[in-house]
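Chemist: Model the full assembly from the supplied sequences, consistent with the hints where possible.
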Amino acid sequence: MTVQIPAEPYAWPFDGEFAPSRTALVCVDWQTDFCGPGGYVDTMGYDLSLTRAGVEPTRKVLDLVRHIPGMHVVHTREGHKPDLSDCPPNKLWRSKRMGAGIGDVGPCGRILIRGEAGWDIIPELYPIAGEPIIDKPSKGAFSTTDIDLVLRNRGVTSLIFTGITTDVCVHTIMREANDLGYECLLLSDCTGATDYNNYLAAVKMVTMQGGVFGAVTDSAALITALAPLALVHSA
Amino acid sequence: MANGLTALSRPYPWPWHGAFEPRRTALLVLRDGDIAPPGPSTAALLTSVLERAVMVGLTVGDLPGQTPQPNGTELGADFRIPRPHYGAFSGTDLDAVLRRRQITDLILVGFPFELGADCTMRQANDLGYECLALTDCCTGLAPDTLAGAIATIQMSGGIFGAVAESAAVLALFANAHHAAATPFGGP
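Here the protein sequences line up with chains A and B, keeping their order.
So for the first sequence, the working numbering puts the first residue at 1; every next one is plus one.
So for the second sequence, the working numbering puts the first residue at 1001; every next one is plus one.
No wet-lab data here; the hints were simulated from the structure.
Don't be surprised by glycine CBs; every beta carbon is placed ideally from N, CA and C.
It cannot be assumed that every hint is accurate.
[As the list claims (entries may be wrong)] With beta-carbon atoms standing in for the labels, derived distance ranges:
hint, chain 1, residue 1, chain 2, residue 2, range
1, B, Pro1084, A, Ser21, 27 to 33 Å
2, A, Ser21, B, Val1097, 38 to 44 Å
3, A, Pro82, B, Ala1180, 38 to 44 Å
4, A, Tyr196, B, Glu1165, 50 to 56 Å
5, B, Gln1102, A, Ala19, 22 to 28 Å
6, B, Ala1180, A, Met44, 46 to 52 Å
7, A, Ala227, B, Gly1091, 46 to 52 Å
Modeler: Shown next as structure tokens:
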């Protein structure tokens, strides 16, 4: 059965051959530090409702995808070693200027440090067995982690993105993946930014020039298109 | 160590370490075909920044994108690396070229900014380079996407670095030129 997902500016994937075994749902940085009370983004004073907006739609998509045989799920998580040896000095300096220094002790433990409570993925979207977690010390993932190897080992060529924040980590990873030839799709209601206008600009940017970084759709369109592939599903 | 040479940039005085040094700095020009070429006033600004950059000792890198360039875009660059992709670090030896020259700080301009320059700034930032986007020397695919890209750089205290206009960078170059001409302790 042929499945194509309605999207802008073109029906996705481009070759009209959606295959669960070649497709991964990438969940980017759904961590307390970016969308939970007391985390990094909260400490900087941003509105958490903007970065939390995509949690429930993403939970529904995750629930469906986990019932599609052969389809992959990969999670990313930004954080640094406890001794900060993998944190570029300019990144550390900028965070301290914002009053939310990487490695400083906050309400959820040390900010953006691996192993701390605030660094971990929120319970609603927590990975299950068989879903690789890519720990990255960066906004992007391909230049600083083994994500490309993990995806290649599974035969993945197409990526569907959820996560936070749209304009920073999601966009950076999507741009890297696009450069490497991955066919990318962004779920517009499964992502959010610390500024709503930056979210809008980032989503629009993907669709410019005929889909310069891939295509955009929403969770409802994806779920409608993929539901027939699920063995058992109750959202 | 800091020589106090920084630009009037946002959201912080660039570079972060407070010691702008031309020999550690590259000006990178990223063009993606003729999608959004610079108009006459932007081109004139860029020419003036390039002239001063060379005069004060910066390295200039020409990083043309996927489409062959029209005539008349010779930059007189120190190196030229054609990009097979949008990000200039993807599939090129740009990182090695910069390291060999001991360059740690990058000033970026792009036509349009949102494609090659934005992708490259994100990659460079992840690799630890200290980046500055030169806003009035760039063009945009659309006004809202350019504004969004420039605004995103300034989130969270400068998540990919900082942004400035050419007047601020020209003043920085002039200060560096003056500092180099004045021995420590002064006359």
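Chemist: Next, verify each hint and record whether it holds.
Modeler: Going down the list of hints, with the structure as the test:
1. Pro1084(B) / Ser21(A): 27 to 33 Å: Cβ of Pro1084(B) to Cβ of Ser21(A): about 28 Å, so the range 27 to 33 Å holds.
2. Ser21(A) / Val1097(B): 38 to 44 Å: 39 Å, holds
3. Pro82(A) / Ala1180(B): 38 to 44 Å: For Pro82(A) and Ala1180(B) the Cβ distance comes to about 41 Å; the hint holds.
4. Tyr196(A) / Glu1165(B): 50 to 56 Å: Violated: the Cβ-Cβ distance is about 26 Å, outside 50 to 56 Å.
5. Gln1102(B) / Ala19(A): 22 to 28 Å: Since the Cβ atoms of Gln1102(B) and Ala19(A) sit about 47 Å apart, the hinted range of 22 to 28 Å is violated.
6. Ala1180(B) / Met44(A): 46 to 52 Å: 38 Å, violated
7. Ala227(A) / Gly1091(B): 46 to 52 Å: The hinted range 46 to 52 Å is violated for Ala227(A) and Gly1091(B), with Cβ atoms some 38 Å apart.
Consistency note: the structure conflicts with the earlier hints numbered 4, 5, 6, 7.
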